[in-house]
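Colleague: Spelled out from the first residue to the last, the chains are:
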Amino acid sequence: MYAFDYHRPTTLKQAGNLAAKNAEAKLLAGGHTLLPTMKQRLASPPALIDLSGVAELSGIALKGRNLVIGAMTTHAEVAGSDLVKAALPGLAVLAGGIGDPHVRHRGTIGGSVANNDPSADYPAGLLALGATIVTTKRRIPASEFFTSLFSTALEEGEIITRIIVPTGAKFAYQKFRNPASRYAMVGVAVAKKGARVAVAVTGAGADGVFRWAEAEAALARRFTPKSLDGVALPDPKGLNGDIHASAEYRSHLIGVMARRAVLAASGK
Amino acid sequence: MAATGIGARVERKEDFRFITGRGNYTDDINRPGQAYAYFLRSPHAHAAIRKIDTKRAAGMPGVLRILTGADIEADKVGGLICGWMIHSKDGSPMKAGAHPALAIGKVRYVGDHVAVVIAESLAEARDAAEAIVVDYAPLAPVVDLATATEKGQPAIHDAAPDNQVYDWHLGDKAAVDAAFRKAKHVTRLDLVNNRLVPNAMEPRAAVGDYNAGEDAFTLYTTSQNPHVARLVLSAFTGIAPEHKLRVIAPDVGGGFGSKIFIYAEETVCVWAAKKVGRPVKWVADRTEEFLAIAHGRDHLTHAEMAMDADGRILGLRVKTRANLGAYLSTFASSVPTYLYAPLLSGQYNIPAIYAEVEAVYTNTAPVDAYRGAGRPEATFVIERLVEVAAREMGQDPAQFRRKNFIRKFPHQTPVIMCYDAGDYDAAMKKALEAHDVKGFARRRRESGRRGMLRGLGYSAYIEACGIAPSAAVGSLGAGVGLWESAEVRVNPIGTVEVLTGSHSHGQGHETTFAQLVAGRLGIPIENVSIVHGDTDKVQMGMGTYGSRSGAVGMSAIVKALDKIEAKAKKVASFVLEASETDIDFRDGKFTVRGTDKSIDFPSVALQAYIAHKFTGQQLEPGLKEGAFYDPTNFTFPSGVHICEVEIDPATGVTRIDRWTAVDDFGVIINPMIVEGQVHGGIAQGIGQALLEGAVYDKTGQLVTASYMDYAMPRADDLPSFTVGHTVTPCPSNPLGIKGCGEAGAIAAPAAVINAITDALGHEEIAMPATPQAVWKAVRAVAARAAE
Numbered sequence: 000m001y002a003f004d005y006h007r008p009t010t011l012k013q014a015g016n017l018a019a020k021n022a023e024a025k026l027l028a029g030g031h032t033l034l035p036t037m038k039q040r041l042a043s044p045p046a047l048i049d050l051s052g053v054a055e056l057s058g059i060a061l062k063g064r065n066l067v068i069g070a071m072t073t074h075a076e077v078a079g080s081d082l083v084k085a086a087l088p089g090l091a092v093l094a095g096g097i098g099d100p101h102v103r104h105r106g107t108i109g110g111s112v113a114n115n116d117p118s119a120d121y122p123a124g125l126l127a128l129g130a131t132i133v134t135t136k137r138r139i140p141a142s143e144f145f146t147s148l149f150s151t152a153l154e155e156g157e158i159i160t161r162i163i164v165p166t167g168a169k170f171a172y173q174k175f176r177n178p179a180s181r182y183a184m185v186g187v188a189v190a191k192k193g194a195r196v197a198v199a200v201t202g203a204g205a206d207g208v209f210r211w212a213e214a215e216a217a218l219a220r221r222f223t224p225k226s227l228d229g230v231a232l233p234d235p236k237g238l239n240g241d242i243h244a245s246a247e248y249r250s251h252l253i254g255v256m257a258r259r260a261v262l263a264a265s266g267k
Numbered sequence: 000m001a002a003t004g005i006g007a008r009v010e011r012k013e014d015f016r017f018i019t020g021r022g023n024y025t026d027d028i029n030r031p032g033q034a035y036a037y038f039l040r041s042p043h044a045h046a047a048i049r050k051i052d053t054k055r056a057a058g059m060p061g062v063l064r065i066l067t068g069a070d071i072e073a074d075k076v077g078g079l080i081c082g083w084m085i086h087s088k089d090g091s092p093m094k095a096g097a098h099p100a101l102a103i104g105k106v107r108y109v110g111d112h113v114a115v116v117i118a119e120s121l122a123e124a125r126d127a128a129e130a131i132v133v134d135y136a137p138l139a140p141v142v143d144l145a146t147a148t149e150k151g152q153p154a155i156h157d158a159a160p161d162n163q164v165y166d167w168h169l170g171d172k173a174a175v176d177a178a179f180r181k182a183k184h185v186t187r188l189d190l191v192n193n194r195l196v197p198n199a200m201e202p203r204a205a206v207g208d209y210n211a212g213e214d215a216f217t218l219y220t221t222s223q224n225p226h227v228a229r230l231v232l233s234a235f236t237g238i239a240p241e242h243k244l245r246v247i248a249p250d251v252g253g254g255f256g257s258k259i260f261i262y263a264e265e266t267v268c269v270w271a272a273k274k275v276g277r278p279v280k281w282v283a284d285r286t287e288e289f290l291a292i293a294h295g296r297d298h299l300t301h302a303e304m305a306m307d308a309d310g311r312i313l314g315l316r317v318k319t320r321a322n323l324g325a326y327l328s329t330f331a332s333s334v335p336t337y338l339y340a341p342l343l344s345g346q347y348n349i350p351a352i353y354a355e356v357e358a359v360y361t362n363t364a365p366v367d368a369y370r371g372a373g374r375p376e377a378t379f380v381i382e383r384l385v386e387v388a389a390r391e392m393g394q395d396p397a398q399f400r401r402k403n404f405i406r407k408f409p410h411q412t413p414v415i416m417c418y419d420a421g422d423y424d425a426a427m428k429k430a431l432e433a434h435d436v437k438g439f440a441r442r443r444r445e446s447g448r449r450g451m452l453r454g455l456g457y458s459a460y461i462e463a464c465g466i467a468p469s470a471a472v473g474s475l476g477a478g479v480g481l482w483e484s485a486e487v488r489v490n491p492i493g494t495v496e497v498l499t500g501s502h503s504h505g506q507g508h509e510t511t512f513a514q515l516v517a518g519r520l521g522i523p524i525e526n527v528s529i530v531h532g533d534t535d536k537v538q539m540g541m542g543t544y545g546s547r548s549g550a551v552g553m554s555a556i557v558k559a560l561d562k563i564e565a566k567a568k569k570v571a572s573f574v575l576e577a578s579e580t581d582i583d584f585r586d587g588k589f590t591v592r593g594t595d596k597s598i599d600f601p602s603v604a605l606q607a608y609i610a611h612k613f614t615g616q617q618l619e620p621g622l623k624e625g626a627f628y629d630p631t632n633f634t635f636p637s638g639v640h641i642c643e644v645e646i647d648p649a650t651g652v653t654r655i656d657r658w659t660a661v662d663d664f665g666v667i668i669n670p671m672i673v674e675g676q677v678h679g680g681i682a683q684g685i686g687q688a689l690l691e692g693a694v695y696d697k698t699g700q701l702v703t704a705s706y707m708d709y710a711m712p713r714a715d716d717l718p719s720f721t722v723g724h725t726v727t728p729c730p731s732n733p734l735g736i737k738g739c740g741e742a743g744a745i746a747a748p749a750a751v752i753n754a755i756t757d758a759l760g761h762e763e764i765a766m767p768a769t770p771q772a773v774w775k776a777v778r779a780v781a782a783r784a785a786e
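Quick note, the sequences are listed as chains A and B, same order. Numbered according to numbering that gives the first Met the number 0, the first sequence spans residues 0 to 267. Numbered according to numbering that gives the first Met the number 0, the second sequence spans residues 0 to 786.
What you were told as hints is all true, and nothing was included just to trick you.
Capping the alpha-carbon separation at 16 Å, the derived lysine to aspartate or glutamate pairs in EDC-like fashion look like this: (1) K697(B) to D241(A); (2) K38(A) to D284(B); (3) K38(A) to E129(B); (4) K38(A) to E123(B); (5) K623(B) to E486(B); (6) K38(A) to E287(B); (7) K775(B) to E247(A); (8) K12(B) to E509(B).
Over the 12 Å line for every Cβ pair with chain A, so calculated as not near, a few chain B residues: (9) A145; (10) A182; (11) R406; (12) D424; (13) K612; (14) E763.
Derived coverage of chain B by chain A (criterion: at least 3 residues anywhere in the stretch with Cβ under 8 Å from a Cβ of chain A; other residues may be distant): (15) 704–713; (16) 769–779.
In short, the hints are calculated from the structure, not lab data. The C-beta atom is built at its ideal place from N, Cα and C for all residues, glycine as well.
All chains, please: the whole structure from these sequences, using the hints.
Modeller: As structure tokens, then:
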């Protein structure tokens, strides 16, 4: 780790001002990606703005038919929230399956979303659920937020404040873990609300999280795993391959995990 | 005393300090004025070093000194050695390239040591290392084991122009050829024994300290054998003679073989301590461990086994290519030769065996002994062959094994080893029952109804432990003897310190050795301390590896205890005014036979030191005895492991449903500790079979250089193990101990792969059998069925 300045604002306004003044500064949420990268000297931001002191960024509320989750809310808080468990149990399960207990007690939904790791779980879930990412500047639909690997629609100095997640969907997320890291090697989130069916895939896309349109069309006709029989799997050409899983294997796993997610979302 | 003596499940004495954070590991040791070392490592697998410019780095804040290969040359610091000479078929000695502690002229693997920065803090050392400018001329890397010796490959060492270290063989080729001519069935397999990275919880670390007043060094280091470290550092590097070099291996958090070896880093810490006049500390980070610790396994093998019409084994032919990495590590040469081929007979009566082993250099980290060292590789070969042969011949794999088991002892195999005792059938019978193999067919049908594939695999392993008779290993090329030492010091009030040359780095010696002593002397176990890991306290020892500490280390203690008892009897005879021959020693008491006159052991100890009851002419005061024990044979632990898996054909995920281990370790001192060793060993073996594999890319970069890509077994990868024992005492040592430290890691890989191949009906699956690999096999089977 190289030397850096450390700021710990207590209000969102202070945080915003610090971010505006320090163009090269990094926002620190749970730090699970940023700090190891800095320790390995692969990143050397001149300053960190630690958001853990900004109370207004944490907490979970049900507002109308939406869950509103503060950006600094930890995975453990989402997983353990009675509100989430009642309104959108599949999201609590997703959060409870991120990393390990240490990770879940430090890692935050805002940090995960902002980092947009191609193997992260939240992007698939939020994309499938049609969530909205609220920042200090605007509201961004998940479908426009996750742009590419480790890339988002966030602009310089823009801070995620909360995530708005519509409830009322049948929803489940199934992941196949990388045997070493246990990150999602393939993760599939399936949501059905009325006529809208969304299937979002993480861990596999060469360009990050994506929606599997063919599966959505088939499931919109009938929401059952059988509907996926005969549906063309995502083309391996657009998927990742590494020592753990070829693109072809990932493509196959997307089909398997999607079926299991549909089954779980159907409460079976 | 039954509660603490041999056979008792005594809770580990050392665990209090370990589980309450009171251990004393090398990184806990900080010397006054200590500076920190950071190694600049090669980013290239193979490159010439044109120039190292340290000028700017040397002027950076906190930097005390930067040392490179040029300083090694100037100070004439001897290179690291390989202590076991292997001769090729043609009689030529192995080709050992120079192994300087800091690279001279060339780097040979990613992670090779290029320079060391000594600075006031680690951060400053690291900053300065980044400012060192190394002008490399990259050379083509030799990474692939299969093609490393082909024409046109660049030479990694001038001493080995074709990258071959040796081309060795063992056994009778003509006899094997004849056996194969008679064969009615031949089973052939190509096997990969995957490369593993040892991952002890504690990474390697060293603190070098130099006392200018006495011109003496102290090295604190994570070693399994501090005396061997001292011997090598003094005899070969020439940094300090033995009497001026104290090596302390304090609490060590696991070794698995990887901490046997003498590495560049600790060598540099000792040397640099004098050069900078400050203690020098280095602690590996996990990435450094992945890159530069000695890796394990890495064999390519073609094996053939010949059977008669009934399935009796007639002969075995094995050809192995072993990767030794970029340099020969301390015992690297012995692992794929004498620790491997002599075990190829397994538990079977095989009349003729011929093994050829070609060891090669590659531009990868050095490869040396790792839990089991050669024996897991041998077991994988023979146990895969036997399983596949049985299947090919339509025989039950358990019955096939039983038919071929050795039943008469001693048994001389065609490959050096003389098995002294065992009852392989007893272990097999017990395992078959404990596992409920009879119920397997029913369980398989039940899995099938859920769309799952179930398989069962055996591994009937043997290993050679308790290494080893010194003259025997000397005749095979070892540079050292493999005896062990012990000293028993009885204090005047009857407490006891036992100094042992064995080293505990997780094995629980402080408990098991104390059990032996407390039981023998009839004193409370709390009154016994085990002292190890310090060359100033223990005069000499050979350390702990190869499951030798029970069989060899404890035997040395027994020898010393024999002397203690004899001396104590003499003391008692003076106190009790009886003839020495009339005195019995039992349950901690010396009694004059046929009388009620007695004295307890602590009182005798006091009498030995106050020396009031005898004169100096009659008896030497004191009660302290030492012994060296040189074993007369290897020991031969054996057993049967049965693994049952369930495979999800949709994902390729293998779940181990049940595991049964029946081991014959001879006499067991502490069943709880032994079970722990078995559990840990199986976990490592399952790791090799399902999860672990070091992968280098074509350029020689280690792809699996962190836990993000190197899969270690976790608790939820493992089933609850059913562990049982049979006992045939080892006849060659006084306690009848065989050793248990490596058994699980030796047995497990073959059992897992035999179970997976049984489930799939497909023999070609390489380790690690990851979900992807299994899924591919599932598809291959489906494609074959569709043809």
